[in-house]
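> Listed below, chain by chain, are the residues.
2 protein chains.
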Amino acid sequence: MNAIKTVGLLGGGVIGAGWAARCVLNGLDVIVCDLDPEAERKLGEVVANAERAYRKMTLAPLGGPGRLRVTRELEDAAAGADFIQENLPEREDVKIPLLNRAAKAARPDVVIGSSTSGLLPSRLQAEMAHPARFLVGHPFNPVYLMPLVEVCGGDKTSDETKERATAFYASIGMRPLVVRKEIDGFIADRLMEALWREALWLVNDDIATAAEIDDAMRFGPGLRWSFMGTFLTYRIAGGELGMRHFMDQFGPSLKWPWTKLMDVPELNDELLDKIVAQSDAQADGRTIREWERLRDDCLVAVMQGLRGHGFGAGAVLQDYDAKLFERSHAGPAVAVDIGKPLRLHTTRVQPEWIDYNGHMTESRYLQVFGDGTDALLRHIGADADYHARGFSYYTVETHIRHLREVGVDAPLHIETQVLGADEKRLHMFHSLVETKSGTLLAISENMQLHVDTGAGRACPAAPEVLAKLQPIARAHAALPVPEGAGRAIAMPGPKV
Amino acid sequence: MNAIKTVGLLGGGVIGAGWAARCVLNGLDVIVCDLDPEAERKLGEVVANAERAYRKMTLAPLGGPGRLRVTRELEDAAAGADFIQENLPEREDVKIPLLNRAAKAARPDVVIGSSTSGLLPSRLQAEMAHPARFLVGHPFNPVYLMPLVEVCGGDKTSDETKERATAFYASIGMRPLVVRKEIDGFIADRLMEALWREALWLVNDDIATAAEIDDAMRFGPGLRWSFMGTFLTYRIAGGELGMRHFMDQFGPSLKWPWTKLMDVPELNDELLDKIVAQSDAQADGRTIREWERLRDDCLVAVMQGLRGHGFGAGAVLQDYDAKLFERSHAGPAVAVDIGKPLRLHTTRVQPEWIDYNGHMTESRYLQVFGDGTDALLRHIGADADYHARGFSYYTVETHIRHLREVGVDAPLHIETQVLGADEKRLHMFHSLVETKSGTLLAISENMQLHVDTGAGRACPAAPEVLAKLQPIARAHAALPVPEGAGRAIAMPGPKV
Chain A
411 MNAIKTVGLL
421 GGGVIGAGWA
431 ARCVLNGLDV
441 IVCDLDPEAE
451 RKLGEVVANA
461 ERAYRKMTLA
471 PLGGPGRLRV
481 TRELEDAAAG
491 ADFIQENLPE
501 REDVKIPLLN
511 RAAKAARPDV
521 VIGSSTSGLL
531 PSRLQAEMAH
541 PARFLVGHPF
551 NPVYLMPLVE
561 VCGGDKTSDE
571 TKERATAFYA
581 SIGMRPLVVR
591 KEIDGFIADR
601 LMEALWREAL
611 WLVNDDIATA
621 AEIDDAMRFG
631 PGLRWSFMGT
641 FLTYRIAGGE
651 LGMRHFMDQF
661 GPSLKWPWTK
671 LMDVPELNDE
681 LLDKIVAQSD
691 AQADGRTIRE
701 WERLRDDCLV
711 AVMQGLRGHG
721 FGAGAVLQDY
731 DAKLFERSHA
741 GPAVAVDIGK
751 PLRLHTTRVQ
761 PEWIDYNGHM
771 TESRYLQVFG
781 DGTDALLRHI
791 GADADYHARG
801 FSYYTVETHI
811 RHLREVGVDA
821 PLHIETQVLG
831 ADEKRLHMFH
841 SLVETKSGTL
851 LAISENMQLH
861 VDTGAGRACP
871 AAPEVLAKLQ
881 PIARAHAALP
891 VPEGAGRAIA
901 MPGPKV
Chain B
411 MNAIKTVGLL
421 GGGVIGAGWA
431 ARCVLNGLDV
441 IVCDLDPEAE
451 RKLGEVVANA
461 ERAYRKMTLA
471 PLGGPGRLRV
481 TRELEDAAAG
491 ADFIQENLPE
501 REDVKIPLLN
511 RAAKAARPDV
521 VIGSSTSGLL
531 PSRLQAEMAH
541 PARFLVGHPF
551 NPVYLMPLVE
561 VCGGDKTSDE
571 TKERATAFYA
581 SIGMRPLVVR
591 KEIDGFIADR
601 LMEALWREAL
611 WLVNDDIATA
621 AEIDDAMRFG
631 PGLRWSFMGT
641 FLTYRIAGGE
651 LGMRHFMDQF
661 GPSLKWPWTK
671 LMDVPELNDE
681 LLDKIVAQSD
691 AQADGRTIRE
701 WERLRDDCLV
711 AVMQGLRGHG
721 FGAGAVLQDY
731 DAKLFERSHA
741 GPAVAVDIGK
751 PLRLHTTRVQ
761 PEWIDYNGHM
771 TESRYLQVFG
781 DGTDALLRHI
791 GADADYHARG
801 FSYYTVETHI
811 RHLREVGVDA
821 PLHIETQVLG
831 ADEKRLHMFH
841 SLVETKSGTL
851 LAISENMQLH
861 VDTGAGRACP
871 AAPEVLAKLQ
881 PIARAHAALP
891 VPEGAGRAIA
901 MPGPKV
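Protein chains in written order, with the numbering used here: chain A, 411 to 906; chain B, 411 to 906.
Don't read these hints as lab results, they were simulated from the structure. These numbers were taken from a predicted model, which means no experiment stands behind them. It is possible that some hints are incorrect.
Since copy identity is lost for identical chains, a pair holds within one copy or between any two.
[As the list claims (entries may be wrong)] Restricting the straight-line Cα-Cα distance to at most 25 angstroms, the calculated cross-link-like pairs of lysine-lysine (DSS-like) are:
id : residue 1 : residue 2
1  : K834      : K878
2  : K591      : K684
3  : K878      : K905
4  : K834      : K905
Produce the complete structure using the sequences and hints provided.
Written out as structure tokens, the structure reads:
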């Protein structure tokens, strides 16, 4: 079985473009089959949006981007792919014939996943060549950020196909959930559909507007659902007495008229017009691109918040980050010219780094400098594995000068000069530069002490770390001492 | 109408205790009527948990805590209250007689809110004395953190009651949503109930376990629901073509068998046992207190992440913060002894501040020092109003020495000495102290420059700011210069 290098995407709409962005940003080449003459522009916009979100989501090197090619020929996309993902309209009469064509053109061992939200894989694969390699891999919008992918096989799907698809989806940062029994709508869409039908009734009966219903979710249960779902939330609501107590207390309400779902609202013109008008009012004049960016920013913020607790989608992000760092170390070493200050860390000013003055806030400077320090430490091998062995460098002293303000989205990089090093100490000097203009924004000098973290005291660094550090320190000793190094804070002149 | 100083709570279970915690932490006195002999201990534990979460949620001074008293006499709680909130079991035959007794004992102008999840206010108020002051104020667990409260009046509820209740709930940091038409289950619980019934079917039919269903939510749609709800999410999924396109595409699936909610699952012993067993497996041996803390941490992290974008629950938190700061300034000035370093900022080490070494990470030191600087600036009147007038202090230089590591949850405070000041400059020295042991953890020296933020250049501070700053600078000039001030980074001895 070959490694997956090229992904073929059948359909490049909202879902297909989301897959394209996720794959390209994970370093995979992508061939998208789409007949829209504007497909290339639209795909490019989605990839750009996704890249913007990824820069906020992870500091890890993505190892991409891969190449993106658009074709009008289904067979072209299918024949060149190591993995195929179908994202066509939600109709069996569209999906089945095109899937069958793709299966004929593809290598027989290539897995074909369908993004269907709820059609049954057994029906989609019924007439397919080599049906054992087909399954559903149902993603959620935006595909480049949402971790969940529901994996559901049909009657003819092999276990190996499920394993390979699950491994592939996980390798691009997703959280596969294997749906063990084939069922219309799988799991998530059944829950979404039940809630959605109730929401449509509430609008239909003029109980609440679209905006009021969304508020009822996002200020209330939606917050809990983002990390715990419904069962665990209710268990905790049961207090010390647990789930049985909760069920005893709330069981009876199952018989009460708390949903109207014994019936389905008719989606006639009147209801449709009402929903569209309420949705327009809610959108408040912002464009779809503005809403997409706000959605992505919020998704990233929620996942990053949860990462701090290693829970839910935050745990998925934590694993993904670790994998990306590992992969970047396993790859071919990047040639670094040690004859000048090292450029090992680049980033962009995030909206949430801005303070009440409209500029990057004070502590974010130190965060970026700290990321620069970590990049140098990883570069000399003082990385996660090294920490696991019980060794680390601790910062004991830092001096920062803020020279220029910087606004949102500015590209930044750090240039690092090693001012001195011995077995236990590492003295470095960072320059924070606005990359586009080359403006020096701030400088920071710091002293690192190498420690045995178990014993809690200083000790010499490992020989292999010193072997990487010493050539840099010797080469940098020949560079001029940067302006501002060794400076103390002073306030000359008369005071109050 | 008098200001609300004392809140009477009828029932001190999970919901009542949550109200007690929210009220007490917002500086209100609370009288809880509960017959449980352990009520006092249980309430104390919930308040302690809530206080822990509030310390993470906001840096603003809470102006509390209020006093908490437990009584076994319903009339005692009702007669002494300026606002009454009922949190009794979800049964009309329990709620109605006790609400009627409370209404007789209470002042006629006191608003009575019921926490019912879905009983109709018109039925609850039918026989009540002064029924116009009764309504439903339906909160969500944990009440001390979740912003949403659904406000729903009955036939006899006055508009004034709705306005007063809405203002009260907002004043304690909540986001009231007025339910305009009286309906069983209001809005949020109807949505929750529809989703919950579908989830019970999935367990009943062995399609998925409790943990799988929760995963389908928290790695997928639950993430989006936490800030956008369902309508806005779907609108964005419609891409450039908007809501009508989305409805055209997904409308047909309303007729497909994607939920089983035409029927209600029977909650028999078999289903109940299955749910309890699956829930126990999911709880993974953690205690209810551990789960509560993790839930609270995640809720706070999600809301804080969203605050960075001023959206959803993050916007509610932003407003609440601003209100708390405003209230603390409006209150009586706190006497500060300027003859010694000022102690204006206290906090605790948050779990998300911990790095891979298990200690508070580098940039969080500067964050805490920055919060200390802001506290001094607010103290001399360089606050949000001052920024709005176009003036601010910018940090131009910072020096930090890390002396000791510190672990999670340690109480911290900052002592600040003004080393010098003139019309444009402010030179200060912070000591970061572990409050319990008095250990000095780190020191930081910084130089602030006063700027006209519109013009983007230095300018003299306003006279009223200088009038507050100068006495402190003069008094502190008499103090000894702290050890470590004016220090530069140096690395003596042989290098590599």
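> Up to 25 angstroms between alpha-carbons, please classify K878 paired with K905: within, between, both or neither.
between (49 angstroms within a copy, 15 angstroms between copies)
> If the cut is 25 angstroms between Cα atoms, do K834 and K905 qualify within a copy, between copies, both or neither?
between (41 angstroms within a copy, 10 angstroms between copies)
> At most 25 angstroms between alpha carbons: which applies to K834 and K878, within, between, both or neither?
Within one copy, since 14 angstroms is at most 25 angstroms while 46 angstroms is not.
> Measure nothing new, just compare the shortest in-copy and cross-copy C-alpha distances for K591 and K684 to 25 angstroms and report within, between, both or neither.
between (37 angstroms within a copy, 18 angstroms between copies)
In this structure, every one of the numbered hints holds.
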